[in-house]
Amino acid sequence: MPPLPPLPVVVPLLMAAVLVALGLFFERRVIEIPAIVTALGVTAICLILVVRSSHGLIVYWFGGWAPIDHIALGISFVIDPIGAGMATLCSLLVVAAFIFSLKYFDAVGSLFHVLMLVFLGAMCGFSLTGDAFNLFVFFELMSAAAFALCGYKTEARAPVQGALNFAVTNTVGAFMVLTGIALLYGRTGALNLAQIGQALGSQMDRTVIVAFTLVTAGFLIKAAAVPFHFWLADAHAVAPTPVCVLFSGVMVELGLYAVARIYWVVFSSAFSSHASALRSVFMGLGILTCLVGGTMCYVQTHVKRMLAFSTVSHVGVMILGFGLLTPLALGGMAMEVVGHGMVKSALFFCSGIVLHRLGDVDEMRLRGLGSRLTGTGVVFALGGLALAGLPPFGTFVGDLLIEQSARGMGLAWLRWIIIVAAVLSGAAIVRFVARAFWGWGYYEKEAVKGAKIETGQETEKSHFRSPMVMVGPAAILIALGIAAGVSRQFLAAIEASVNVFQNRQAYIAAVLSGAHINSFQLPAAQPRVFGYAFVGLFAVALAFVLVVLTLFRSQLFESGVPGGSVVRHGVECLQRCHSGHVGDYVTWLVIGVTIFGGALLILMG
Amino acid sequence: MKMGFGPYVLAAWLFFIGLYGIVTSRNLFHLILCISILQSSSYVLLLGIGYRTGAVAPVFSDIPVNTPAVDPIVQALVLTDIVIEVTVLALLLTLAVQIHKRHGTLDPDKLSAIRG
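Protein chains in written order, with the numbering used here: chain A, 58 to 662; chain B, 31 to 146.
Quick caveat, the hints were computed from the structure, so don't treat them as lab data. Treat the hints loosely; a few may be bogus.
[What the hints assert, rightly or not] To give a feel for the contact side, a few chain A residues facing chain B, derived at Cβ under 8 Å: (1) A164; (2) G166; (3) V194; (4) A201; (5) F204; (6) G208; (7) V217; (8) T236; (9) V639.
Predicted model, so just to flag it, every value in this text is computed and none were measured. Built from N, CA and C at the ideal position, the CB exists for glycine as well.
Sequences and hints are given; from them, build the entire structure.
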């Protein structure tokens, strides 16, 4: 029986190699079934790892290179419940994407499944590793597979441009991560995360702050925080739907996972006396991301781009959850990751079904055409309400935990930012459902000046039936999103896992000394969640009001919406920044990193 | 003993000139090569961190074990990075070739399939 920890990486990569060979000789079905079985196997292994890691951190040293004299010599996988949970989420969404693409693509080469399996292996390795350079290698492997998957339809104009924007921006981000790791190595002489954390101890000077800035900014570029988010909308607009599911569902969240992991293991002791400065910077970043993401989401008509911007706004909420630096807020972030991953994937599957049946994803052109797709419409609307914060969903629980933590720190006004972000993204989707499925609102020739996405055909023709393998994953994922929010055991498990995640001393001891410390304890009391259901319902009601105001504004406000021209002018300025030009994106990236690093140096240096 | 400021100044210069090239590029092949220059700055930084003046290469088959040697780990990191960079660059160059086939141009200012 081989050891379990390396299997989530090794098995997909091996199967990918096998499928490349098989794809030369056999037809599509012969490739698809082994791919699905592999992904299911990886999901099972990751679930076993989650359960086992709740009994104590699992540390696996490759090649048997155990630490000598508390000095790490080899490369390790350090598995805790949160890391194994992220790997499980990745593999689950890959299974769903494979099942969806059984009928979604009319013609797809075997390389799609090969690339997805490589992507899966890299994401699992990224979630499970305990070594900084290993993290970087898996990060680059994940990115390379993502670039290829994004530009998969090379015969169309938009995908290759979107993939190039994605690739250039993320490569610059990976370079920053590498430079940060180089600086940490220069300071501590170690590449193992636990060793770096122990060697760094509490020393803090400008080099440490610069290293933190570079590593965090590099991962925030992957996580699509504003102003590093421009690539996300382009990539989602042009990538095939099953790929978008993975991008929004896990890949972006893995960037935040890396930020959190590196902060808590490496920097939390060094920055402990400057926690309030760090909080301010991350809260500024989170608020900016929420507001820009929400605003851009609401003015989109291309539904996949709309979902991409809603991912940006939810990433802003997750950054707020991380930036508060408390266990409760981190639990909220973890719950948001799970809930948002499920719901966003279901929404992308629904948009894929719409594209498959009706041949278009533009809200204006689809007006009223969706009335035949009742099931899809219901799931779409549920997903939109879930993003707005409807009570039983995981996203509601995540938002609530973050708001409670903020209130506990005297920052109760943060709740309104989270509500605004949730309302804008939820209302955009409900508005899409209302216009496309129920035919509400009037036809607007050009809702948004200057926006233009060339939509190619992902499927060859419009179809008459939505097969169960396409509707099934969407419905199951929405149900899982509800289950994640409702289940008390899941909330307790998340809280216990977050305490393990933040326990730096136990992590270092387990890795370097082989100590078996089990700090996973289910909490005795839990935060009251459903007593606050009115907050979620209030946000949903606001979303409905916004939808009605938008769709019927010509009837409701005869002389024009008050303040409308100012809002329109502001939004157009924001939109002109999203120019599709890769040089502009890198400029914003540099400005963002400079301001982020400058703020940290001034506040903490 | 370390090597002085030379490698760090060179790394900073490569970083800025690579970044400037990416931002102001008018040709995608030029842009991709500027990414390569940007990544070279991280190699120089890594090698500069690992170098020791007056030390030998870290091969101990014929010299006593306590001889000062340069750090082999950064050399391994640089080699791994070069491999990763080659992979990503190959992918980027393929995308640039496809862009030229579909858009007819390599000028980022003229790519217009996505906006807003």
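- [ ] May I ask you to test the interface hint for V639 of chain A with respect to chain B, counting a Cβ-Cβ separation under 8 Å as satisfied?
- [x] It holds, given that the least Cβ distance between V639 of chain A and chain B is near 5 Å, below 8 Å.
- [ ] Using 8 Å as the Cβ threshold, decide whether A164 of chain A counts as touching chain B.
- [x] violated (19 Å)
Open item on the list: Next item in the hint list is G208 of chain A. Is there a CB on chain B closer than 8 Å to its CB?
Closed with: holds (6 Å)
Task: Status of the A201 of chain A interface restraint (C-beta, 8 Å, chain B) - done: A201 of chain A check passes; min Cβ-Cβ to chain B is 6 Å, inside 8 Å.
- [ ] Grab the minimum C-beta distance from T236 of chain A to chain B and call the hint holds if it beats 8 Å, violated otherwise.
- [x] holds (5 Å)
- [ ] Verify the interface restraint on V194 of chain A: the C-beta must sit less than 8 Å from at least one C-beta of chain B.
- [x] holds (7 Å)
- [ ] Tell me if F204 of chain A is really an interface residue toward chain B, meaning its C-beta lies closer than 8 Å to one of theirs.
- [x] holds (5 Å)
- [ ] Grab the minimum C-beta distance from G166 of chain A to chain B and call the hint holds if it beats 8 Å, violated otherwise.
- [x] violated (15 Å)
Task: chain B contact restraint on V217 of chain A - CB to CB distance below 8 Å - done: Since the shortest Cβ distance to chain B is 5 Å, the answer is holds.
Of the numbered hints listed earlier, those contradicted by the structure are 1, 2.
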